[in-house]
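Peer 1: Spelled out from the first residue to the last, the chains are:
Number of protein chains: 2
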Amino acid sequence: MSKVTIDAFRVPHFKDKTASEGKNGSFKLASYDCAAKPFSAGGKDADRQQLSDLSLELDVLQDRMHAQTRERVLLVLQGMDTSGKDGTIRAVFREVDPLGLRIAAFRAPTPDEIAHDFLWRVHRHTPAGGELAIFNRSHYEDVLVPRVTGAIDKGECERRYAHIRHFESLLADTHTTIIKCFLHISKDTQRERLQARVDDPTKHWKFDPSDLEARQYWDDYQAAYEDALAATSTPEAPWYIVPADSKTHRNVMVATILAETMRTLKLEYPPAKHDLEGIKVK
Amino acid sequence: MSKVTIDAFRVPHFKDKTASEGKNGSFKLASYDCAAKPFSAGGKDADRQQLSDLSLELDVLQDRMHAQTRERVLLVLQGMDTSGKDGTIRAVFREVDPLGLRIAAFRAPTPDEIAHDFLWRVHRHTPAGGELAIFNRSHYEDVLVPRVTGAIDKGECERRYAHIRHFESLLADTHTTIIKCFLHISKDTQRERLQARVDDPTKHWKFDPSDLEARQYWDDYQAAYEDALAATSTPEAPWYIVPADSKTHRNVMVATILAETMRTLKLEYPPAKHDLEGIKVK
Chain P
1 MSKVTIDAFR VPHFKDKTAS EGKNGSFKLA SYDCAAKPFS AGGKDADRQQ
51 LSDLSLELDV LQDRMHAQTR ERVLLVLQGM DTSGKDGTIR AVFREVDPLG
101 LRIAAFRAPT PDEIAHDFLW RVHRHTPAGG ELAIFNRSHY EDVLVPRVTG
151 AIDKGECERR YAHIRHFESL LADTHTTIIK CFLHISKDTQ RERLQARVDD
201 PTKHWKFDPS DLEARQYWDD YQAAYEDALA ATSTPEAPWY IVPADSKTHR
251 NVMVATILAE TMRTLKLEYP PAKHDLEGIK VK
Chain F
283 MSKVTIDAFR VPHFKDKTAS EGKNGSFKLA SYDCAAKPFS AGGKDADRQQ
333 LSDLSLELDV LQDRMHAQTR ERVLLVLQGM DTSGKDGTIR AVFREVDPLG
383 LRIAAFRAPT PDEIAHDFLW RVHRHTPAGG ELAIFNRSHY EDVLVPRVTG
433 AIDKGECERR YAHIRHFESL LADTHTTIIK CFLHISKDTQ RERLQARVDD
483 PTKHWKFDPS DLEARQYWDD YQAAYEDALA ATSTPEAPWY IVPADSKTHR
533 NVMVATILAE TMRTLKLEYP PAKHDLEGIK VK
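Going down the list, the sequences are from chains P and F. Mapped onto my numbering, the consecutive letters of the first sequence carry residue numbers 1 to 282. Mapped onto my numbering, the consecutive letters of the second sequence carry residue numbers 283 to 564.
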């Protein structure tokens, strides 16, 4: 195992007292190197082996949680286009029984979703007792996109941060462990990956011209992410910065964060409800 | 119109500073007379006429809101068994187009509902833009029943009050006007109404022996209501005490509160989206 700890990549906890400043002190997104591989085991082969081991462990942990039907886990994945949200889910959960997973992807809101508050559509997909839910994009889109496009002002954005903190506190109060990962890629990496989608016919379906438009606002999105992560990283729902220029490293790190967190939940198969001693099934 | 104002029956607003005391100063449920008829127009006939007028006005207000698709109204009805929640809905909305109403009744939670936080099941029934939603019982059951049965302790109850305030603040921030009515009946009135359910074969279906069990905890429920109303009456989601021993008065008063509130929303039919001048439909 690597000696680096996941704590070093946790966004400092939001403190109410700094709310009026709108900033979380020292946190700077740019200070994290997208190309770093702090959780790499040394090489690609070793990393793949580690990922495989972690995925198998996640399957065991998830199975115990499912049997216990008490704890819930919510993994939120956010990141710029091409940061690898889909790929992360595929790789990290390769060995995990899909019966115990609840994966929800959030795209541009529908008219019915727009007609409600911005947490309405995500609330219904939160995990039930024993479930591991994965949000591929999430309610955080609603403090990123409308902020960059100017659809909401600073005051509304701050109110939404508060609504998010309260909402996640409600979930945490009901045995929900929340883990939020920002898949951190460089602007160069995005260029390469978008170009690959243009050049490779099997990736054409993933390309949307609007991605190029969003790319023009790269700096604005980085700033919006920096503020949103700072305002919503809490002890009960922390954000982690995942260097994600390397796909292998990204997968290992997300799997590590999830496994380390789930290990603390004391997940055990529950005892038998009846005295089973001596029972012979005929 | 009566000279009494609905403000006189609004539960004083919860103030954070008194949270540590767990009490909302002067508010006492017992100080409200269940048999009072402050909104009566004088007699039964006059009251029925007034209710009819108000219901017709609510239909107009609701139609404008539906056309505007911006404002949302949420009416929460709570009260002891036989306090008349069903009857209120039937009488107040007699003249209102059911197409614009969304009525949700909440009974004992299902296993799927229990497996989530207590606001999960109500959030999905909150009104969309242009809708008037009515909650027949609500998320308040979860700070009443488990408190009286001892399923949750005082600390958990206080946390739930806070979750409710935050949740209702989220809704209010999205153009939702929240009106909460406590239908206030006396213990004697409940006895008469439960006895009628026993004696009248057409009301047998409404009788449940567990109602008699809950009646044994009458004082505990009154205390639980007093605390819950005090902790969750806010400027954006006020509680009203509705004297409800008289069914006619109860209906007139709920209709009055709703109409007075909706009149302040500046509901107007929106202007034409196109220049309609001179268009002749052939």
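To be clear, the hints were calculated from the coordinates, so they are not data collected in a lab. Please note that a few of the clues may not be correct.
With the Cβ distance kept under 10 Å, some of the chain F side facing chain P (calculated, not the full set) [what the hints assert, rightly or not]: (1) Lys-285; (2) Asp-289; (3) Arg-406; (4) Ser-451; (5) Asp-482; (6) Thr-484.
Below are the EDC-like pairs computed for lysine to aspartate or glutamate, each with C-alpha atoms no more than 16 Å apart in a straight line [claimed, not checked]: (7) Lys-436(F) <-> Asp-173(P); (8) Lys-266(P) <-> Asp-59(P); (9) Lys-247(P) <-> Asp-45(P); (10) Lys-154(P) <-> Asp-470(F); (11) Lys-187(P) <-> Glu-213(P); (12) Lys-206(P) <-> Asp-59(P).
Derived contacts from chain P toward chain F, CB cut-off under 10 Å, selection only [said to hold, decoys possible]: (13) Arg-72; (14) Glu-95; (15) Ile-114; (16) Phe-118; (17) Pro-127; (18) Tyr-161; (19) His-163; (20) Leu-171; (21) Thr-174.
For glycine and all other residues, C-beta sits at the position ideal for the given N, C-alpha and C.
Peer 1: State for each hint whether it applies.
Peer 2: To see whether the hints hold, each was checked on the structure:
no.	hint	result
1	Lys-285	violated, 38 Å
2	Asp-289	violated, 27 Å
3	Arg-406	holds, 6 Å
4	Ser-451	holds, 8 Å
5	Asp-482	violated, 41 Å
6	Thr-484	violated, 38 Å
7	Lys-436(F) <-> Asp-173(P)	holds, 15 Å
8	Lys-266(P) <-> Asp-59(P)	holds, 15 Å
9	Lys-247(P) <-> Asp-45(P)	holds, 13 Å
10	Lys-154(P) <-> Asp-470(F)	violated, 54 Å
11	Lys-187(P) <-> Glu-213(P)	holds, 14 Å
12	Lys-206(P) <-> Asp-59(P)	violated, 29 Å
13	Arg-72	holds, 8 Å
14	Glu-95	violated, 25 Å
15	Ile-114	holds, 8 Å
16	Phe-118	holds, 8 Å
17	Pro-127	holds, 8 Å
18	Tyr-161	violated, 12 Å
19	His-163	holds, 5 Å
20	Leu-171	holds, 6 Å
21	Thr-174	holds, 4 Å
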